[in-house]
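On the provided structure of chain W, position chain A as indicated by the hints.
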Amino acid sequence: MLSRVRKYHKWLMAFVGIQFLFWSITGVYMVTMDIHYIHGETLAKSEQAKIDLADVDYSIVELAADYPEASQVRLTQSMGNPLYSFINGEQGKMAIDAKTGAVQALVDEIKAKEIAQYHYAMNHEINSTRLIKSVTDMPAELSPRHLPVWRVTFEQFATPTFYISQQTGALVAKRHDYWRLFDWMWRFHIMDYDDGENVSNWFLFLVATLGLMGAITGAVLTYYRVLSPNKKGVI
Amino acid sequence: MRLFKLNTTLHKWLSLFVGLQLLIWLGTGLYFNLMDHSKASGNELRVHSHHEGNITGFRFIPIKDITSEAPQEVKLIWILHQPYYHFVFDKGQHSYQERHSKLFDAVTGKPFNLSKQQLLTLAKNSYSGEGKLTTPVLSQPPFSDHVRQQNPMWQVVVEDENNTTIYLDSITGQVLRHANDDFRLKDLMMKLHFMDYGNSGGFNHWLIIAFAFSTLLLSVTGVTWLIQQFRSGLLKLSWSRNRQKVAVIFSNENTVTDISAIGSSTVLEGLASSHVYLSSSCGGGGTCGKCVFLSSTQLPITLSEKEHLSQEQLKEGYRLGCQHRFSEISSIEVNTDLNIENHELVVVATNFITPFIKEVKFKLKSGKQLEFKAGAYMQFDVPAGMNSLRPDDMPENFEKYWESYTHGKFSHDSVTRHYSLVNFDQETDELTFNIRWQTSKDGFRAGIGSSYLGSLRVGETIEAKGPFSDFYATSDKKVRRIFIGAGSGLAPLRAIIFEQLKKRQDEGDLTLIYGARTEDDLLYRDELNLLSEQHKNFSYIPTLSNPSEQWQGHSGYVQQVLLPYLSQKVKFLSTEFYLCGPEAMMSEVEQIITDVGIPSNQIFKDKFSR
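Chains as they are written, first to last, in full-length UniProt numbering: chain W, 1 to 235; chain A, 1 to 610.
Isolated chain W, as found in the complex (with noise of 0.2 Å):
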């Protein structure tokens, strides 16, 4: 009995055990490295500047005058000075100044470094900028929801990366090569290798069945190598 299942053990895991030794190396990567990390929320201070409503000049009543199609109204800052950010009916998102009513200028690479740098938690050189104005143009790290954006690197071995809306000037996403790691980790975890969203894919179903089988078997020898107080003539 005990042979046999140690034949199976063995046979299912030459199939399988490659995947065990990616399954614990990408777990022991996820979750030993802290997700918040990950999220690259180190990399940017965080946000705790008030906006001084005196200086909101412009008010939701002339805004509400000057763009009767906007809506999803939001007062923010950008790099300390109060912006109201709204979607302006088919032309897309829109930003305007809280003080003056001012259209926001679109952001140029000048704006967006200085953007990037005022965001960036550490003391790196910006290493490249780079609009982004089409899907077909963007990294896979990004949602596209956020076109059309900035690409902002660092000089950092982990190549920090800011996007910066084009529009708004708002910081959209935060990534670096951990970040990146992460996600390879994940298709590797999940067997997705194409674009890692797939959790229902049918070759992780095999291997995860094949594997279950094996652990199984695994389970049963250890039972009776370690747990079984009849050791011999197990056979």
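These are calculated hints, taken from the structure and not from any lab test. Where hints are given, some of them may not hold.
What the hints assert, rightly or not - Some chain W residues judged to face chain A by a derived CB distance under 10 Å, without partners named:
| hint | residue |
| --- | --- |
| 1 | H9 |
| 2 | K50 |
| 3 | L221 |
| 4 | Y223 |
Said to hold, decoys possible - These stretches of chain W come out as covered by chain A in the derived footprint (C-beta under 8 Å, 3 or more residues):
| hint | stretch |
| --- | --- |
| 5 | 32-41 |
| 6 | 73-87 |
| 7 | 175-186 |
| 8 | 209-218 |
For every residue, glycine included, the Cβ atom is placed at its ideal position computed from N, Cα and C.
Just chain A now, kept in the frame of chain W:
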């Protein structure tokens, strides 16, 4: 080199430590793989309703006119089509982190709190099911349905089959979550997968980190083990079901038997398939070191053997049964009890083929076919009883040889007797034996075994064990072989010769020197003559001690024929000799061939008197 042991021991103990959680990981992982994502989200009955009103339809109070501490952010939000300012004073990066905020009526500028009625309406708007919604209750964290949530939430219990609970933001009334039993099942699976038994809400805690590292070590030791197995040749896929026959010596009983098993199985498995069990407590993992056997040929030494067997044992040829394949071995010695099956044999034919030898053919009652090496014997259990002193079904032409023997019966105890098989295993589905009647010299007792077996009628049965073998041809196909036999000692020689020629396509020269008394006593004379005509490499040399006048062949004992034969043939130094016959004949022949310089490992004897 204790690395192998360290590796496997670690693997075992780690599996004990992480085993249960590993099963949980795989089980829950499989659940995530198979679950219905829309159900598991809890949002099966959730609908999104649009509350946003037209910004031009209201007279807003300017944000700067609101009496409040300075906010981080202000959002214009719509609740049940009415506009409100949501002042956020501080918040974390994630919505579940602690947040301080306040709601103001965007028209009057007064602080605003949602009424329970409004909250109920909001909850109702988000729910498309039939269940009845109960009064909202403002609840404080922690929440079992939302472990990470650090802010209070309004809780609306729905009386439906799926035990839905709707959670709303304590300030804005935004629907945050529909939790139902499907959702809770997924949540439980998540908790199990993340080992979040301390309700941290995440997977970055010391318990899972410790288990993850242990599991990594378990995988590494497992993969290392697999690599070692592969290097030892124990991880080769083989679809071949070819069976291999191996002579197994049981050192406890000093008996030999042939065991046939699938060549690609391990020695341990192969023997077990024939009910020969080497001691083993690990079941073939190479970790207990108990399944020891002694191989007649040099086998490679695996890591496991280096650790479990001493240098001396390895040198002598001791190996572990789980570390070698059946196809690697040809003959082995084991220190375990023989557990050969008992067979019930049915007589299918009997025939006197010489005056004193009866050919008896059996089949297995079970209908099975036995596999054995030619030259094997079986052990018969002869029960106690009464036997005839002489046969009563003898052909008339042999009567003259029996005239001096009296009729009558004698009684005897139960005994066991050994008889060699005349045929090889694939020759026929029968088991053929030559039973030589041991005649009664004193007139009171005949041979017990021969008189019992010789009196069996077609259809009668007898118990037998085996086949056993310690007499068989070597696997060399080119070597010259001389077979020397006398009387009923022909049986195993005939089996081997037929197997060599018919089954193994032996290319070496085979010579049979066979001695008998008279022409009538020559066993299988026609068959052997025919065989020598069909096969150029086989010669049949019968010799008679008491020939008739018509006899043109050799006369005298086999020794007398052998001597001149040896002197005229040159290449006998590499020749193998197979002897079977009466004790005196065998020892004389052995003396002769040893004298001319044949080494003893080229002389094979079937001891006639077992």
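Here is what the structure says about each hint:
Evaluation of the H9/W hint against chain A yields a held restraint, the C-beta minimum of about 9 Å falling below 10 Å. The interface hint given for K50/W is met, as the beta carbon of that residue sits about 4 Å from the closest beta carbon of chain A, less than 10 Å. The beta carbon of L221/W is positioned within 10 Å of a beta carbon in chain A (closest approach about 7 Å), and the interface hint is therefore held. A hinted interface residue such as Y223/W counts as satisfied when its beta carbon comes closer than 10 Å to some beta carbon of chain A; here the least separation is about 9 Å, so the hint holds.
Given a C-beta distance limit of less than 8 Å, the hint that chain A covers the stretch 32-41 of chain W holds, as 7 residues qualify and 3 suffice. Counting residues of the stretch 73-87 of chain W whose beta-carbon sits less than 8 Å from any beta-carbon of chain A gives 5, enough to reach three: the coverage restraint holds. With a threshold of 8 Å between beta carbons, the proposed coverage of the stretch 175-186 of chain W by chain A is violated, since 0 of its residues qualify and at least three are required. Note: the stretch 209-218 of chain W has 6 residues with beta-carbon separation from chain A under 8 Å; the three-residue rule is met and the coverage holds.
The structure shown violates just one earlier hint, number 7.
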